[in-house]
Structures are given as C-alpha cells and as structure tokens.
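Engineer: Sequence:
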Amino acid sequence: MPLDVPPAIVGVLSFLIGVGLVIGSVETFIEAVAESALALGVSGFFLTVLLAGTDLENAVLGFVAVLDGLPGLALGTVFGEALFVLGAAVGVAGVLTPFETDAPRSYLLMMLGAPALLLVLALDGTLTRFDGVLLTVGYLPLLVAVYGLERRANTRYLSAEEVEAFEEQALDGGTEAADDDLLDLDLDLDIRWLDDLRARHEGRYRLGVALLAVGGMTVGSELAVSGAQVMLGVLGITGLAFGATVMSFVASLEELFLTVEPVRRGRPHLGVGNVVGSTLFFVTANAGVIALVRPIDTGGAVLAVHWPFFLVSLALVAGMLARGRVSRVGGATLLAVYAAYWGANLVT
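The opening position of the sequence shown corresponds to residue 3 in the working numbering, with each subsequent residue numbered one higher.
Every clue listed holds true.
Label pairs and their computed distance ranges (CB to CB): (1) Pro106 / Gly345: 30 to 36 angstroms; (2) Ser108 / Thr128: 29 to 35 angstroms; (3) Val139 / Leu111: 17 to 23 angstroms; (4) Ser329 / Ser108: 21 to 27 angstroms; (5) Val122 / Ala324: 23 to 29 angstroms; (6) Asp104 / Gly238: 44 to 50 angstroms; (7) Val139 / Val331: 36 to 42 angstroms; (8) Gly345 / Leu255: 17 to 23 angstroms; (9) Leu142 / Val12: 38 to 44 angstroms.
Derived by calculation from the structure, the hints in this document are not laboratory data. Just so it is clear, CB atoms sit at the ideal spot from N, CA and C, and this is done for glycine as well.
Make a model of the complete structure from these sequences and hints.
Structural biologist: As structure tokens, then:
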C-alpha cells in the first residue's frame with residue numbers, strides 16, 4: 003500500500019532539496035569555471051573579482067520563480083537576501099565577535115548609492131524589461147570601479163588569497179612530484195602520457211563539469227519553486243513575503259558563514275568585502291535579471307515594507323563601518339531590525 007504523504011510535507015522536502023541542490027551546483031559551477039579559466043589561460047584574478055559578491059543561486063531561484071509565474075517570490079528574494087546579509091550576517095558577527103575595520107569610504111559611498119537606480123525605476127510601481135536591462139548593465143561599471151579601486155589600494159581580496167594558496171599548493175605539489183621522479187622514474191615514464199592527456203583536456207573537462215552544474219541549478223530551482231508554491235498555500239502568505247523570509251533565509255545561510263567566519267578569525271575586511279559585493283549585486287543585476295523575464299510589480303508592500311527596512315539596515319551598516327566598529331549593541335540592533343522585517347512580512 004503506497005504511503006499517503008501529506009502534500010505539505012512533499013512541498014517542504016521539495017523546497018529544501020531544491021535549494022540545497024542549487025547551492026551545491028552553484029559552488030561546483032564557480033569552482034569549475036575558475037579552474038577551467040586557469041587551465042585555458044584566462045586571468046584567474048579577474049574571474050574571481052568578477053564573481054566576488056555575486057549570489058548566483060539567488061539569481062537562478064528568482065529567474066525560475068518569474069518563469070513559473072511567481073514574480074513576487076522572485077522580488078522577495080532580492081530584498082530578503084539583501085536584508086539577511088545586512089541584518090542577520092553583520093548582526094550575528096557583531097554580537098559574537100565585536101570587530102573594528104577600516105573600510106574605504108569609496109566602497110561605503112558606492113554601497114549607499116547603488117540602490118538609487120533601482121529605487122528610481124521602482125517608484126512608478128513597475129520594473130519593466132527595459133528597467134531590467136538598465137539594472138543588469140548598471141552592475142558592470144560597479145565591478146569595473148571596484149576592480150580599479152582594488153588595484154590602486156592594493157587591498158587583498160579573499161579571491162586573491164585563494165589564488166595565492168593555489169599557487170603555493172601547486173609549488174609544493176611540484177616539489178613532491180620531483181622527489182617521486184627520483185624514486186620511481188620508470189613508473190612515471192609509463193603513466194606520463196595519461197598526465198599529458200589530462201592536461202590537454204583539463205579546460206574542456208572543467209567546462210563540462212560547469213555545464214553539469216548548470217543542469218543541477220535548473221533542476222534544483224524547479225524543485226525549490228514548486229515546493230514553494232505548495233508551502234505558500236499551506237502558510238497562507240504571499241509569494242513576496244515568503245521569498246523575503248523563508249526562501250531567502252534558507253538560501254542565504256552560506257552568507258552568514260562568509261561574513262561571520264572572517265570576522266571570527268580576525269580578518270573582518272573579508273567579511274566586509276562580502277557584504278559590499280553582495281549588496282551591489284542584489285540591487286542591480288539580481289533585480290534586473292528577474293525584470294528581464296517579465297514586468298515586476300514594485301508597489302504596495304514593496305514600497306511600504308521592503309524598501310524602508312532595506313534602507314534603514316543599509317544606513318545602519320554603512321554608519322557602523324564608517325565609524326570603524328561594529329559593537330554588540332550595533333549587532334543586536336541589526337538583528338532586531340531583521341526580526342522586525344520578518345514580523346512585518348508575516349502580518350501584511
């Protein structure tokens with residue numbers, strides 16, 4: 003006799019499995035693209051700068067949600083993940099490990115000014131496809147500006163450290179390989195052709211892995227959105243509210259690690275870089291991509307709830323970073339604002 007599983011349980015499982023598959027596929031995709039770029043001779047540093055702060059899984063989930071007729075869910079993830087990074091991630095970091103940082107004023111001004119285009123385009127109540135083009139294209143000069151500032155300021159990115167670690171690992175591996183050559187020369191001669199074959203096709207192999215990861219993103223996002231549709235009916239809330247709370251919280255847990263862990267290890271500039279980069283992406287390309295599919299309603303609760311909480315959280319974080327310190331009181335304040343944001347979504 004087949005098990006009679008309630009639809010709500012199926013929906014929750016589908017949602018969680020889908021989000022997990024998307025996150026895992028995105029991580030595989032980014033790693034494969036970076037490695038294939040190095041193998042094919044593309045600048046690894048430029049690629050990692052390009053991907054810094056880009057929350058690809060959120061964009062994929064939002065894109066599929068719009069395709070499946072849930073534009074409110076998609077827009078909710080934009081605001082929800084931005085509030086999660088600003089409120090929950092920085093808030094938890096401040097409460098657990100109060101930290102000091104010397105964030106460049108140029109980055110803080112860029113972070114404060116980046117939402118201006120989205121706000122202006124959203125004031126008429128709709129994000130059109132043309133608005134989506136403007137927002138998506140508007141992300142590019144921000145990337146160029148960050149790259150230029152990084153070169154002049156000689157600031158260490160997490161990506162740059164990863165490249166350094168990769169190079170050190172390669173050097174260590176080369177030394178070990180040289181030692182092995184002295185011990186097992188005949189064996190190396192026998193299998194060297196396999197190494198040569200792998201080296202010749204490493205780039206294509208990594209690109210193949212990246213394509214498989216894209217498939218995983220597609221399947222995972224479809225599962226997550228279909229599960230979300232079931233959960234919307236069970237919870238009785240709007241897609242906008244669900245995307246801004248439950249969906250964003252589950253999909254953004256890694257952002258908590260990316261912000262809190264560097265602070266805990268005494269390297270807060272890495273966490274700040276994640277916060278700045280993510281914010282720039284959310285309010286430009288992320289919102290732009292979903293508007294490219296179909297027009298998005300930005301009136302009602304978007305203007306009454308999401309924008310006020312986002313702007314307040316953004317101003318609080320920017321103020322703390324400009325002052326150079328995130329205290330426990332500041333972290334608790336950010337967490338309180340984020341909790342109030344959840345409450346406002348669930349009652350509207």
